[in-house]
Structures are given as structure tokens and as C-alpha cells.
Amino acid sequence: MKNGNGTLLTIAELRLGEKAIIDSFTDLEVSLKLLEMGCLPGEIIQVNNIAPFGDPIAISVGGYVLGLRKAEASSVIVKSINEK
Amino acid sequence: MKNNPIVEQNSFSEKSSLKIALIGNPNCGKSTLFNVLTGLKQSTANFPGATVDKKTGVVKIKNTSGKIISVEFIDLPGIYSLHPKSLDEKIAVDFLCDQNHPDHPDLTLFIADASNLKRSLVLAAQIIDLKIPVVIALNMMDVVEKRGMEIDAVLLSEKLGVEIIPISARLETGIDLLRQGIVSLVQIPLKEIFNKEIITKGNEADQTIARYKIITEIISGCLKIKMKKDEEVFSSRTDKILTHKIWGYVIFLSVLLLIFESVFFIASYPMKWIESLFIFFSQWGTQHLPKGEFSDLLVNGVLAGLSGVVVFIPQIALLFFFIAILEDSGYMARVSFIMDKIMRKFGLNGRSVIPLLSGVACAVPAIMSTRTISNWKERLITIMITPLMSCSARLPVYALLIALVVPAETKFGFLNMQGIVLMFLYLIGFLAAIGAAFVMKYLIKSKERSFFIMELPPYRSPRWKNVGLAIVDRVKVFLFDAGKVIIAISIILWFLASHAPGNKFEEIEKKYSDYSEMIDADKHPEKINNLPQQVAAEKLEASFAGILGKFIEPVIKPLGFDWKVGIALVTSFAAREVFVGTMATIYSVGDNTNAMSIREKMSAEINTETQKPRYTFAVGFALMLFYAFAMQCMSTLAVVYRETKSLKWPVLQFIYMGTLAYIASFVAYHLFK
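Chains as they are written, first to last, in the working numbering: chain A, 1 to 84; chain B, 85 to 757.
The set of hints was computed from the structure by calculation and includes no laboratory data. Just so you know, these numbers come straight off a predicted model, no measurement behind them. C-beta atoms are modelled at their ideal positions from N, C-alpha and C, and glycine is treated no differently. Keep in mind that a hint or two might mislead.
Per the computed footprint, the stretches of chain A lying under chain B, defined by three or more beta-carbons under 8 Å from a beta-carbon of chain B, are [claimed, not checked]:
hint, stretch
1, 9-21
2, 36-47
Straight-line Cα separation of at most 25 Å, PhoX-like style, residue types lysine-lysine; simulated pairs [what the hints assert, rightly or not]:
hint, chain 1, residue 1, chain 2, residue 2
3, B, Lys329, A, Lys19
4, B, Lys329, A, Lys33
5, B, Lys138, A, Lys79
6, B, Lys138, B, Lys99
7, B, Lys202, A, Lys33
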């Protein structure tokens with residue numbers, strides 16, 4: 001089942017290659033690190049790569065690639081973009 | 085300056101020396117620029133009270149009026165914001181913000197990654213607001229061009245109120261302009277970029293978001309995108325293979341195999357040269373120096389200790405050659421990425437993989453390479469367990485003992501028993517390391533949360549200048565810091581082995597000189613030839629080291645070891661490979677390098693209590709396990725002390741590894757007896 005446009009979910013729930021817009025954060029400590037690195041609300045992210053065994057994952061954001069653990073990814077709420 | 089007294093009014097251009105701090109995000113090319121600016125004139129020291137390296141380099145630069153200014157560049161750890169999250173970052177921030185810091189810079193050289201302009205400028209603007217003189221080097225202009233973008237540096241400079249110089253540290257373009265910019269124009273920025281009211285509202289997250297908004301506005305109009313090109317295609321395709329669930333690990337293992345083969349085999353040649361050079365020196369010294377206490381100390385204490393340090397340099401240089409290439413190319417980040425989940429189960433981090441595996445060659449460079457792990461607890465566990473990996477210094481010990489107690493039989497037609505035991509020893513070292521990590525995960529308390537948020541930089545061909553300077557730097561650190569301790573211990577060991585209470589040595593010498601007069605040298609040449617070794621053996625037994633060996637005999641008796649092994653254990657404390665040499669001296673074998681003859685002597689010895697051979701399989705195996713687990717390496721302890729900046733950790737490491745070794749040997753001895 002494809003996520004509809006605008007569905008709220010976390011980065012951890014995205015599939016490989018899926019794009020989404022960052023909406024908000026649920027963990028202050030993680031959010032600070034991510035914000036500093038340019039993961040801002042409104043930025044478009046894409047799941048670039050998933051490590052073997054499903055964790056960590058790599059996302060591209062603002063022109064660079066960021067690796068982060070599933071636990072950290074699940075604290076970022078995103079709006080999915082349905083490309084079609 | 086003497087003939088030209090000028091009143092200094094905040095005018096830096098009149099100064100004859102400048103302190104300049106390099107600051108920027110991680111991966112912004114800061115170290116590359118530092119290397120370009122300072123070359124070999126750099127040196128590494130520590131920030132006061134911290135494990136973080138402070139790299140500095142002093143160079144002379146001519147300013148526009150022809151005056152030569154001595155500029156000291158200071159490379160600070162990469163940071164993402166002025167709100168420090170790790171120790172590295174805290175040091176950089178303290179350095180910048182504290183006006184009373186002894187090294188407070190006259191000027192900050194901010195390195196902005198032009199290909200990631202927004203993120204770079206958020207930090208730059210924070211520094212500008214500190215009212216510290218700033219020059220911005222807009223780096224990676226080559227990447228920006230390739231991506232089909234254009235940055236109006238002049239307009240951006242106007243908007244920010246500081247000088248901006250576009251450069252490419254990789255291609256070394258714009259560097260001369262940058263040098264001039266640093267020494268000629270230094271002014272305090274007058275603009276305030278972040279309005280205080282805006283950025284003090286809400287929590288830290290809100291403030292960061294507010295900052296990004298302001299920067300986005302500033303950048304708009306300065307950044308033109310001519311055409312959009314997807315240059316990340318190469319990196320993402322390579323990632324598909326290098327982080328593949330099968331190929332990723334296959335490639336990683338192949339890379340490791342290549343590294344270890346090289347570290348073992350290529351390094352063995354220069355190591356042999358170094359050894360023969362030191363043998364030559366010590367022979368020369370024995371022959372030409374006046375006989376006496378001081379010459380003996382020089383040859384058998386200092387020189388022996390020095391050779392123990394220098395001999396490791398080829399391995400360290402080679403290992404760091406490969407590690408620098410892996411890091412600079414971007415591959416290391418991928419290895420951490422695919423290993424993180426497995427390592428996490430043991431309280432480690434994806435970044436622990438490289439130090440652990442480097443430990444198979446030598447724990448010293450391996451422990452130095454743990455600096456890439458930012459979480460202190462994970463780094464500490466990695467440091468604590470790395471010496472359990474069987475290093476190359478254990479190999480000569482294993483080789484001698486295996487040949488002594490394991491029959492060279494072949495099982496099932498192809499499995500050589502000696503090879504199996506050797507492989508078992510390497511395997512058990514690895515398992516012990518992982519097990520110890522698992523225990524320490526629960527024992528070491530840490531408030532610091534474990535994160536694995538790291539940039540996966542695009543693949544790049546390694547910059548050879550960076551690789552070369554990394555090798556020089558690591559070797560220098562090892563030679564001077566660890567070297568001091570190793571030489572000190574060698575001198576102590578020399579004293580213990582060459583001195584005895586009272587006039588014991590004179591008595592032994594007298595006994596043998598009387599004896600040599602009694603026998604006919606023509607009829608029994610072999611008796612005369614063996615005399616020096618017998619004197620040496622008896623002297624060793626009477627020496628303080630021998631007394632120490634006898635003293636600890638009751639403790640090691642349950643493991644099946646006698647006082648002779650005890651001496652070897654004591655001398656092995658400096659370095660494990662000393663075992664073979666000590667055994668050779670104890671068993672009065674003339675040729676120290678011939679392992680065969682030591683082995684024959686040892687295997688011929690009869691245990692006076694059981695009337696059976698002294699070295700049974702149980703004794704030999706227990707001894708091997710002891711060497712596999714025990715912390716008998718002065719260099720490693722010295723490096724652990726240096727890296728943890730505390731005596732606590734090397735002491736704990738010594739105790740836990742010693743306990744492990746004792747228990748394992750005890751169990752093995754009684755199991756096989």
C-alpha cells in the first residue's frame with residue numbers, strides 16, 4: 001500500500017527511495033543534532049540506502065547524505081510525497 | 085618594530101605575529117586547507133586537559149606592504165554549532181568564545197563548504213555575531229561549479245559584513261589570495277546577523293530554525309543555479325555495491341585481508357633492517373665503548389629499549405597509510421554504516437570495527453585510531469578490549485610454544501594441528517574482546533547518549549598530501565610519547581636483570597673462572613664455548629629479576645609455570661616478544677635467534693617432581709593462553725594512558741586482562757594435566 005500524499009509518518013517507516021518532507025521532531029536531543037546538520041522542517045529528504053539487517057539507514061537531505069540509526073530516524077515525523 | 089614605534093589601535097595588520105583559528109563544519113575540507121597552508125611545518129599537541137589533539141603550524145607570510153608576518157594556524161575540531169554536544173566541540177567553542185583563553189586567536193578563519201552553503205553559514209553567522217574578526221574561506225568552489233551552481237561571493241560578503249574568499253583546498257586554488265586576505269585585512273565585523281530577540285525565543289531547536297530562516301533569506305540572491313546535475317549518482321551507485329548485504333561484507337573482508345597481509349609482510353622487511361641496524365649499533369657499542377656500568381646501561385638498557393620502539397614504526401606507518409586512504413576516500417564511513425548494528429549489541433559503535441581489526445597487527449596504532457569514535461563510552465570500551473586481539477608481538481611466542489608442545493600432525497589429511505592451534509588462539513582473542521565489551525557495556529556508566537548520526541561524504545580519491553601528513557603525525561606521536569615510557573621501563577628491566585644483591589655476581593664469575601682454568605681447552609672446546617652462556621644463566625638466576633621470578637613462583641605455580649617462566653613473564657611486561665629472548669638466556673642457548681635450539685633445550689628439560697618432560701601440552705597451552713590474554717605491553721599501556729588521560733584505565737585494563745589470563749591458564753592447565 002502506498003502512503004498517500006501528506007500522510008504523517010516517521011523516517012524509519014519510509015521505504016528505500018521514498019521521498020518526504022520533514023515535519024517535526026519528537027526527541028529534543030536528536031532534533032538538535034539533526035537541525036544543526038540542516039535537517040529542517042520543510043526540507044525534502046529521500047531514503048538513499050538501508051544497511052544490511054535494516055539498520056542504520058542513509059537519507060539525502062540538503063545536498064548531502066546522512067547516516068542515522070532507526071531509533072533516531074523514528075523520532076523525525078515527515079509528510080510523505082506521493083510522486084504520482 | 086623597535087625603530088618604528090606604532091601605537092596599536094586594534095589594528096592587527098601592524099602585528100608581527102598572528103594567531104589564527106581554523107573553524108568549520110566536519111567534512112568541510114578544513115584539515116585539507118590546514119595541510120595546504122602549513123605543510124610539514126605543523127605539529128600536534130593536546131588541548132590542555134583534554135584528549136583532543138591541537139594541531140598548529142607556524143608559517144611566514146608577506147603582507148601587501150612587504151612586511152613578513154609570522155602566522156600561527158590552529159586547527160580546531162569540526163563543529164556544527166556553538167552549542168557543544170561532544171568534548172571535541174566543547175573545546176573548539178571554549179577556544180573561540182573565551183577572550184581570556186591563553187590561545188585566544190587574533191582572527192578566525194571560517195571554512196565554509198560552498199556545496200552546503202546554508203549549513204555552513206548558520207555557524208559562520210554565529211561566529212560573526214561573537215564580534216571576533218572573521219575571514220570566510222568559501223571552499224569546494226570546484227564542486228559547486230560541477231553541480232552547475234554559481235555563488236556571488238561579493239554580494240554575500242556585503243550582506244554578511246566580512247571578507248569572503250572563494251577557494252578550493254583540494255585543487256589549491258585561491259590559496260594565495262586567502263593568505264593575503266588573512267594578513268592584510270583584519271577587521272571586526274560591524275553587522276549583527278541574528279537579531280537577539282529572534283534567536284533567544286523558544287528552546288534551542290526553535291532558535292536553530294530561526295537562524296536557518298535568516299540565512300536562507302541572505303543566501304537567496306547570492307546563489308544561482310544554472311543547471312541541475314545529479315552528480316551524486318556515482319556515490320549512490322558505489323554505495324549500492326559497497327553496502328550490499330553480501331558484497332559489502334565480502335569487499336570489506338578483502339580490504340582487511342589486503343591491509344593485514346601488507347602490514348605483516350611488507351613491514352617485515354624494514355623491521356628486519358631496523359633490527360639489524362640496532363644489532364650493529366649494540367655490537368659496535370660493546371666493542372668500542374669503555375667497559376663499565378654506563379656503557380652497559382647505554383647498550384642493553386637504552387639502545388635495547390629504543391630498538392623496541394623504532395621497530396614498530398614500519399607497521400604503524402603502513403597501517404595509518406591504509407587507514408588514511410580509507411578515511412579520505414569516504415569508504416570508512418560506509419564500513420561504520422554496515423557494521424553499526426552488529427557492534428551496537430556489544431556496547432560498541434560502527435566506528436569500533438577498524439581499531440579492533442587493526443589490533444591484529446599492533447594495539448598501539450589501533451588504539452590511536454579510536455579517536456574517530458565520538459561517544460566516550462564506546463571509545464573507551466574499544467580502547468579497553470582492543471589489546472585482547474592477538475597482535476603480531478604474540479606471534480613469536482605462539483610459534484615457539486606451539487612447536488614445543490603441539491605435534492606436527494595432520495588430521496583428516498589436510499588439517500595441520502599446529503595451524504589449528506594458532507587459529508584457535510587468534511579466534512579466542514577475538515571472542516574474549518567481544519565478551520569483555522559486552523560486560524563493560526553494563527559496567528561503565530555514561531550519561532552521554534549513543535548516537536550514530538554521521539555524514540556519509542561523497543566518494544573522493546584520497547588526497548596524498550593528507551595521507552602523507554597523517555602518517556608523519558601518527559609516527560611522531562608514537563615515537564615521542566610512547567617512546568619515553570618504553571625506554572624508561574627498559575632501563576628498569578635492564579637494572580633488574582643485570583644487578584644482584586651483595587656480591588653474588590662476583591662469586592659466580594670467580595666460580596667459573598676457577599672452573600675454566602681446571603679444564604683443558606684443547607680437549608673440550610665445547611665446554612669453554614658454552615661457559616659465557618652458563619655464566620649469563622646463573623647470573624640471571626641470582627639477579628633481582630631472578631629473585632623476582634622466584635618470588636612470584638608460588639603465584640604462577642598453579643598454572644604450571646616455574647620461576648624461569650616467571651622471569652620471562654616479568655621481562656615480557658615490556659613487550660611480549662621479549663619472552664623468546666629471555667627463554668634463550670635462561671636456557672643458556674648461545675644463538676638467541678635460533679628458535680629451534682631453544683625449543684630443543686626446553687623440551688629436553690625434565691620436571692624434577694614428576695620425572696616427565698617439564699613442558700607438557702598442559703603447561704605450554706596454559707602459557708599460550710596467558711600470553712593471549714595478559715596485558716604485557718608497555719607501549720600499549722602508555723598509549724592507553726595518553727588517550728584516556730587517566731591512570732585509572734590502563735591500571736584497570738592491566739588488572740582485568742591479567743585476571744582473565746590467570747583464570748584461563750589455570751583452567752587450561754588443570755583440564756589438560
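Hint check:
1. Note: the stretch 9-21 of chain A has 0 residues with beta-carbon separation from chain B under 8 Å; the three-residue rule is not met and the coverage is violated.
2. Remark: the stretch 36-47 of chain A is confirmed as covered by chain B, as 5 of its residues place a Cβ nearer than 8 Å to a Cβ of that chain, reaching the required three.
3. At most 25 Å may separate the alpha-carbon atoms for a hinted pair to count; Lys329(B) and Lys19(A) meet this at roughly 23 Å.
4. In summary, the hint linking Lys329(B) to Lys33(A) is not supported, as the alpha carbons are separated by about 28 Å, beyond the 25 Å threshold.
5. With a C-alpha separation of about 43 Å, the suggested pair Lys138(B) and Lys79(A) falls outside the 25 Å cut-off, and the hint is violated.
6. The straight-line distance between the Cα atoms of Lys138(B) and Lys99(B) is roughly 24 Å, inside the 25 Å bound, and the hint therefore holds.
7. Taken as a hint, the Lys202(B) and Lys33(A) pair is honoured in the structure, with Cα atoms around 16 Å apart against an allowance of 25 Å.
Hint violations for this structure: numbers 1, 4, 5, all remaining hints satisfied.
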